[in-house]
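Participant: If you want the building blocks of each chain, they are given just below.
Protein chains: 2
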Amino acid sequence: MTYFKFELIHRSKKSRARVGRIHTPHGIIDTPNFVAVGTNGTVKALNNTMLHDIGLQLMFCNTYHMMLQPGTDIVRQAGGLHSFIQRKLPIITDSGGFQVFSLAYGSVADELKSRGTKKQGGCVLKITEEGVLFRSYRDGSKVLLTPESSIKAQKDLGADIIIPFDELPPYHIARDALKKSLDRTHRWEKRSLEAHLKNPQEQAMYAVVHGGIDPDLRKESCAILTELPFDGFAVGGSMGKTKDEMHTLLSLTLPLLPEDKPNHLLGIGDLPSIERSVPLGIDTFDSSYPTRAARHGILLTKQGPLNITKSEYATNFNSIEKGCLCPACHHFSLAYIHHLFKARELTCMSLATVHNLYFMVQLMEKYRKQIQEDLI
Amino acid sequence: MTYFKFELIHRSKKSRARVGRIHTPHGIIDTPNFVAVGTNGTVKALNNTMLHDIGLQLMFCNTYHMMLQPGTDIVRQAGGLHSFIQRKLPIITDSGGFQVFSLAYGSVADELKSRGTKKQGGCVLKITEEGVLFRSYRDGSKVLLTPESSIKAQKDLGADIIIPFDELPPYHIARDALKKSLDRTHRWEKRSLEAHLKNPQEQAMYAVVHGGIDPDLRKESCAILTELPFDGFAVGGSMGKTKDEMHTLLSLTLPLLPEDKPNHLLGIGDLPSIERSVPLGIDTFDSSYPTRAARHGILLTKQGPLNITKSEYATNFNSIEKGCLCPACHHFSLAYIHHLFKARELTCMSLATVHNLYFMVQLMEKYRKQIQEDLI
Chain A
1 MTYFKFELIH
11 RSKKSRARVG
21 RIHTPHGIID
31 TPNFVAVGTN
41 GTVKALNNTM
51 LHDIGLQLMF
61 CNTYHMMLQP
71 GTDIVRQAGG
81 LHSFIQRKLP
91 IITDSGGFQV
101 FSLAYGSVAD
111 ELKSRGTKKQ
121 GGCVLKITEE
131 GVLFRSYRDG
141 SKVLLTPESS
151 IKAQKDLGAD
161 IIIPFDELPP
171 YHIARDALKK
181 SLDRTHRWEK
191 RSLEAHLKNP
201 QEQAMYAVVH
211 GGIDPDLRKE
221 SCAILTELPF
231 DGFAVGGSMG
241 KTKDEMHTLL
251 SLTLPLLPED
261 KPNHLLGIGD
271 LPSIERSVPL
281 GIDTFDSSYP
291 TRAARHGILL
301 TKQGPLNITK
311 SEYATNFNSI
321 EKGCLCPACH
331 HFSLAYIHHL
341 FKARELTCMS
351 LATVHNLYFM
361 VQLMEKYRKQ
371 IQEDLI
Chain B
1 MTYFKFELIH
11 RSKKSRARVG
21 RIHTPHGIID
31 TPNFVAVGTN
41 GTVKALNNTM
51 LHDIGLQLMF
61 CNTYHMMLQP
71 GTDIVRQAGG
81 LHSFIQRKLP
91 IITDSGGFQV
101 FSLAYGSVAD
111 ELKSRGTKKQ
121 GGCVLKITEE
131 GVLFRSYRDG
141 SKVLLTPESS
151 IKAQKDLGAD
161 IIIPFDELPP
171 YHIARDALKK
181 SLDRTHRWEK
191 RSLEAHLKNP
201 QEQAMYAVVH
211 GGIDPDLRKE
221 SCAILTELPF
231 DGFAVGGSMG
241 KTKDEMHTLL
251 SLTLPLLPED
261 KPNHLLGIGD
271 LPSIERSVPL
281 GIDTFDSSYP
291 TRAARHGILL
301 TKQGPLNITK
311 SEYATNFNSI
321 EKGCLCPACH
331 HFSLAYIHHL
341 FKARELTCMS
351 LATVHNLYFM
361 VQLMEKYRKQ
371 IQEDLI
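Top to bottom, those sequences are chains A and B.
Be aware that the first sequence starts at 1, since it is given in UniProt numbering, and climbs by one per residue.
Be aware that the second sequence starts at 1, since it is given in UniProt numbering, and climbs by one per residue.
Because the hints were derived from the structure by calculation, they are not lab data.
Some hints could be false.
Treat identical chains as interchangeable: a pair holds within one or across any two.
What the hints assert, rightly or not - Taking lysine to aspartate or glutamate and the DMTMM-like style, the derived pairs with C-alpha atoms no more than 25 Å apart in a straight line are: (1) Lys179 to Asp244; (2) Lys179 to Asp374; (3) Lys310 to Glu130; (4) Lys219 to Asp73; (5) Lys310 to Asp139; (6) Lys241 to Asp139; (7) Lys342 to Asp139; (8) Lys310 to Asp73; (9) Lys369 to Asp260; (10) Lys155 to Glu227; (11) Lys342 to Glu312; (12) Lys342 to Glu275; (13) Lys322 to Asp176; (14) Lys302 to Glu227; (15) Lys342 to Asp73; (16) Lys155 to Glu129; (17) Lys88 to Asp53; (18) Lys261 to Glu220; (19) Lys152 to Asp139; (20) Lys88 to Asp139.
Remember, predicted model here, so these are calculated numbers, not experimental data.
Taking the hints into account, I'd like the entire structure generated from these sequences.
Facilitator: See below:
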């Protein structure tokens, strides 16, 4: 395949961190890098032109949401996701599995607080070898998602990188049930890969390593999936309650993955997690953290996050961060953005979002530079 | 005054319509023109860079809102409104009176439907010769607004064009009460002008012609206000229930105003009203119609407004309007914008808003061309 290539540019002498370059039909992704989440085909509060302008190289869209609205057939009619949402740079889609199951079980945080299952447990109706039957959150209709239908949907969407259909077991699960889920996930991933390879469409597919918080099952998952011709590896599933647990699991998992293929960490991209995972060899991180934080008035700076709604910013006429070249910092002051938040103007959401994403672009560039210099 | 000048470029041979150019310290306003409303120092869902890029020459900010949040003292500290909101082009502010009174009485539409007074009647506590005492909608504190304090606030804001403090009497008002209100408004406008002229600060001031739906009182208002050295004239107050009533009142009023000064129609800028008022000699119109309509999914086109949320647009991959050069039409399809509305993405608000405002920019350019050719 010449349309997808992972080029390893530099391995740190200090850790497993590496600088690389993922080549896709829609351009290059320098790694390590951050992936913005644009669930419905847009990063919330931005348009795709603005996203392009700040140099964000990879965008994550959610197949589950696009299936229910507008429907992947409409996206296909539009000529695929790039054409429909007018993005010229690379896109990655997930399988839809994560959303189906996380709506059923809630997030790990929900689960730990006993939320989630009670609230939305009715969404998943049945899990069989074939796939998962769930109820649409939009119109209540029954939808069957299988490895084949997920890949069909992802073919309609036409992202540069796609993900095989997997099950997301809850954090609280007995080992037997976890093992059973893992085996089925491996069969589902294999079926997904086969469906994909019948019609590659210049897309690349990353496997999803599962096994929950069980080290042996994680090892088993790596062993099985690395035997298959995937183009890269994503680490998914529950990785424990704490960042230490996650660090332990990733430290164990990543050395078992081939060095010449890219590694993605699914759904995790808060700043401390990125800082701890880059030295382990994670190449890309997707997370809605920077964009969701922005909409709540949390602005990322080199000195740490600041809460723009605090009254101390009402008369601060400096930009969010001195020297930042993002459109928000280039034009507007903390005092003005504070005012927009206080006045509940939608405009504040887009200014905060564009700043936080530009911060991530700069942060990842800094990591790449530090790895090149063997500093991390 | 050299910092403000109204240049009359062409009088139509067919009507009282004229093409002009208002020169201000922040640049030119070609007339007739549409004025975007940016109540809190931003057009809702856009930022001021985007507004600049589509060529919208005049923006309306509301003194009442800026007084309560962030406070005009903070805007003054920032170096005035242009600096605070980062707008390089001209700005007009109102006196705050309209908002105080309309929050008390509701809009004419509210009044006709017996809404408004019941809901928010408690806001205005007392009207005296000195001014109006009202309760802040933000924190419940009592605020006294007088001609002098309104002008002080507008000096802090530093817009290119400012408005004297006036009373907005309700539509349903006895003639005696209307006459009493009108006389007081004239005294308030005179006090405002005096306060302004003590410290002109390169600002221009437009008088506000009142008199409600009483032709004689409108004539009286013109006679009194045109004796004073105002830089332009705005038509305010209630103009009846129908567009015909408004047309009759404006037909009567405008010939009584000096031809060498600009005329503004306050708060009215729907398309039929603009079409009927341009031939009467109105030069500028401010209205939140195009931006509010946008946020509700109503997109303006040469073929009439369309409702983007209708299912027929789900698979329409054309732009909103063929040939439109706005950023929304340049990049995105009806189907995508329909999808963003259906998925409740904030992004749809800014795309719809930028399109509708660009439509207004183009529409007013068309009117200017037609007047130049004596077609209207």
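Participant: Give a verdict on every hint.
Facilitator: Results of checking the hints against the structure:
no.	hint	verdict
1	Lys179 to Asp244	within (23 Å within a copy, 77 Å between copies)
2	Lys179 to Asp374	neither (39 Å within a copy, 82 Å between copies)
3	Lys310 to Glu130	neither (52 Å within a copy, 36 Å between copies)
4	Lys219 to Asp73	neither (38 Å within a copy, 64 Å between copies)
5	Lys310 to Asp139	between (40 Å within a copy, 17 Å between copies)
6	Lys241 to Asp139	neither (34 Å within a copy, 42 Å between copies)
7	Lys342 to Asp139	between (35 Å within a copy, 13 Å between copies)
8	Lys310 to Asp73	between (46 Å within a copy, 18 Å between copies)
9	Lys369 to Asp260	within (20 Å within a copy, 64 Å between copies)
10	Lys155 to Glu227	within (24 Å within a copy, 73 Å between copies)
11	Lys342 to Glu312	within (13 Å within a copy, 38 Å between copies)
12	Lys342 to Glu275	neither (33 Å within a copy, 37 Å between copies)
13	Lys322 to Asp176	neither (54 Å within a copy, 60 Å between copies)
14	Lys302 to Glu227	neither (42 Å within a copy, 60 Å between copies)
15	Lys342 to Asp73	between (41 Å within a copy, 16 Å between copies)
16	Lys155 to Glu129	within (22 Å within a copy, 72 Å between copies)
17	Lys88 to Asp53	both (11 Å within a copy, 22 Å between copies)
18	Lys261 to Glu220	within (18 Å within a copy, 83 Å between copies)
19	Lys152 to Asp139	within (22 Å within a copy, 55 Å between copies)
20	Lys88 to Asp139	neither (32 Å within a copy, 47 Å between copies)
Figure legend: structure checked against the earlier numbered hints; hints not met, in rising order: 2, 3, 4, 6, 12, 13, 14 and 20.
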